[in-house]
Amino acid sequence: MAWMTATTIASPSQIALPNCPDKCGNISVPYPFGIGENCYYTNPLVGIYYSLTCDHTDTSSPSLVLGRNIEVVNITLDGELRIHRQVSYACYDNRGKLDGNNSWRITIDKFSLSTTQNSLVAIGCDTFVWFDGTMLTSVQTKDFHTGCRTVCNEQKDVSTSCSGVGCCKAAIPSGVSSIKVKAKSFDYHTYVNDFNPCNVAISVANDELPSPIDFISQKEEYFTDLKLFVVYNWSIANASCNSARDLMDQQHICKRHSSCIDIPDGWGYRCQCNPGFQGNNPYLHDCQEKRHSCKEPELCIYTIGSYNCTCPQGYSRNNGTIDDPCIADKKGAKMPMKIKIIGVEELKKATNNYSENSIIGRGGFGMVFKGTLTRKVTSHTNQVVAIKRSLKVDSSQVEQFINEIVALPQINNKNVVKLLGCCLETEVPLLVYEYISNEVFEVLAYLYSTIFIPIIHRDIKSANILLDASYTAKVSDFGASKLSPTDPGALKEDRLFEILDKDLVNDDVIEQLKKVANLARRCLKLKGEDRPTMKEVARELGGIKGVGLHSWSNNGVQ
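For what it's worth, full-length UniProt numbering labels the leading residue of the sequence shown as 1, then goes sequentially.
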């Protein structure tokens with residue numbers, strides 16, 4: 001049979017069998033459908049339903065036809081068969097005499113009308129309709145009857161949507177293969193003929209559902225040639241996947257790396273590429289493995305159609321995502337690992353085993369070394385980096401690491417040093433930054449207010465403001481930083497004496513300290529016109545010092 005040779009001949013890019021047309025006009029024709037002998041799925045029980053004809057009667061726009069007269073406008077491998085069909089109508093003159101009518105039937109015995117993508121609709125103000133048809137199950141065929149009625153007295157009662165006045169809907173049973181639509185009238189439109197001469201009954205795709213107000217006043221000539229879309233579900237055979245194997249004494253027609261899927265809305269089965277695989281047509285050729293691009297290749301182990309992530313000690317899988325394969329869980333802080341994981345031996349090599357010559361800075365928490373990494377951590381190879389290494393090991397160092405690795409990935413500002421990676425093999429992790437070779441207030445404003453969760457640096461000083469080769473200022477060292485609470489209730493006021501040196505605070509100088517604090521608060525106003533000038537600051541400080549000179553002197557405070 002034709003389908004048995006498909007995998008040995010067809011190219012993976014083809015959707016139709018070799019030497020068979022894959023289009024009729026602009027409409028694609030994927031296998032198991034086909035145009036012409038030996039071009040479609042030829043199961044002896046249902047093969048005829050995949051045979052199509054390309055009608056070139058209208059040479060400018062050929063029609064794709066199923067059976068004798070069912071015009072097909074689209075076929076998808078997801079199981080959608082979209083057809084064009086006339087509407088059913090009955091029109092009357094002002095004396096109640098029938099002017100013209102049309103009732104239609106659709107019959108596609110082995111495919112089912114989609115219950116999710118269609119509606120059975122009646123439009124009119126003196127209208128009732130019948131939808132009669134056949135439901136096919138894997139065991140037997142059953143008849144069904146359904147319908148609805150709609151009445152209104154004036155055209156203004158009709159809305160633009162099918163709300164029940166001037167328009168009604170009927171439910172579509174599952175498994176409908178054949179349906180006949182009839183439009184009827186209670187009083188032959190004698191009382192509403194001046195604004196509504198016709199009844200209309202349609203089975204229509206939901207995405208082409210007409211507005212009742214557009215149909216309500218139309219006459220017969222409008223409906224004579226009107227066609228609307230109807231959606232059917234197509235499938236293979238009329239049995240489940242397991243039954244198909246037993247019935248045909250062979251496997252279903254789904255190709256390698258695809259699965260047989262029983263369809264819930266109708267009968268039969270479809271083929272679908274397995275997770276991690278893709279293909280133009282799983283009925284015709286094998287599905288191909290997707291090529292994943294893991295952002296952390298050293299953490300990803302590829303399997304057939306998928307991948308697994310391994311994570312360093314102290315980290316766990318982040319639901320297996322490729323963009324953020326691992327998260328750290330330290331002291332309850334969940335931290336996405338978008339930075340590179342770098343081995344301790346690689347950092348030793350980059351810094352010549354942390355030689356004295358590679359030291360470029362010392363701080364309260366550790367030392368900073370200059371080094372060159374041979375592998376890519378950015379878009380460059382042989383990247384020059386700065387490596388921050390702690391001098392001592394205690395719980396505070398781990399907290400400093402957490403602060404920096406939480407804060408820096410949130411910041412995207414040209415004046416903030418970039419965190420490129422970290423090493424987790426040491427007791428206190430090492431941090432790897434971009435190397436800075438040689439407007440800071442704008443950076444602080446960005447940290448404190450622009451990003452979603454403000455970051456308070458808490459250690460701004462000249463040593464932490466670096467210049468790169470183009471003399472752009474870079475703020476560094478976020479070990480002391482804190483995320484600012486977004487909840488106003490978390491902010492506490494009137495805590496001045498808790499943040500001052502205890503040697504300064506006593507009853508004799510409390511008023512002077514309050515005045516100094518108030519002056520400092522005014523100096524921090526955002527608007528320049530609200531801040532005191534340097535001359536005003538000097539004058540006020542002199543006044544405060546003069547008032548409390550005796551008290552300050554007695555306490556040894558100058």
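For the record, the hints were derived by calculation from the structure and aren't laboratory data.
Hints are not guaranteed to be accurate.
[Claimed, not checked] Calculated pairs, DSSO-like style, for lysine-lysine (alpha carbon to alpha carbon, straight line, at most 30 Å): (1) Lys97 with Lys184; (2) Lys290 with Lys23; (3) Lys290 with Lys348; (4) Lys182 with Lys255; (5) Lys515 with Lys545; (6) Lys184 with Lys156; (7) Lys290 with Lys227; (8) Lys255 with Lys219; (9) Lys370 with Lys340; (10) Lys182 with Lys97; (11) Lys227 with Lys169; (12) Lys156 with Lys142; (13) Lys182 with Lys156; (14) Lys156 with Lys255; (15) Lys514 with Lys545.
Predicted model, so just to flag it, every value in this text is computed and none were measured.
So, going through the hints one by one against the coordinates:
| no. | hint | result |
| --- | --- | --- |
| 1 | Lys97 with Lys184 | holds, 13 Å |
| 2 | Lys290 with Lys23 | holds, 27 Å |
| 3 | Lys290 with Lys348 | violated, 38 Å |
| 4 | Lys182 with Lys255 | violated, 44 Å |
| 5 | Lys515 with Lys545 | holds, 10 Å |
| 6 | Lys184 with Lys156 | holds, 22 Å |
| 7 | Lys290 with Lys227 | violated, 41 Å |
| 8 | Lys255 with Lys219 | violated, 52 Å |
| 9 | Lys370 with Lys340 | holds, 18 Å |
| 10 | Lys182 with Lys97 | holds, 17 Å |
| 11 | Lys227 with Lys169 | holds, 19 Å |
| 12 | Lys156 with Lys142 | violated, 41 Å |
| 13 | Lys182 with Lys156 | holds, 26 Å |
| 14 | Lys156 with Lys255 | violated, 57 Å |
| 15 | Lys514 with Lys545 | holds, 13 Å |
Checked against the numbered hints given earlier, the structure breaks hints 3, 4, 7, 8, 12 and 14 and satisfies all the rest.
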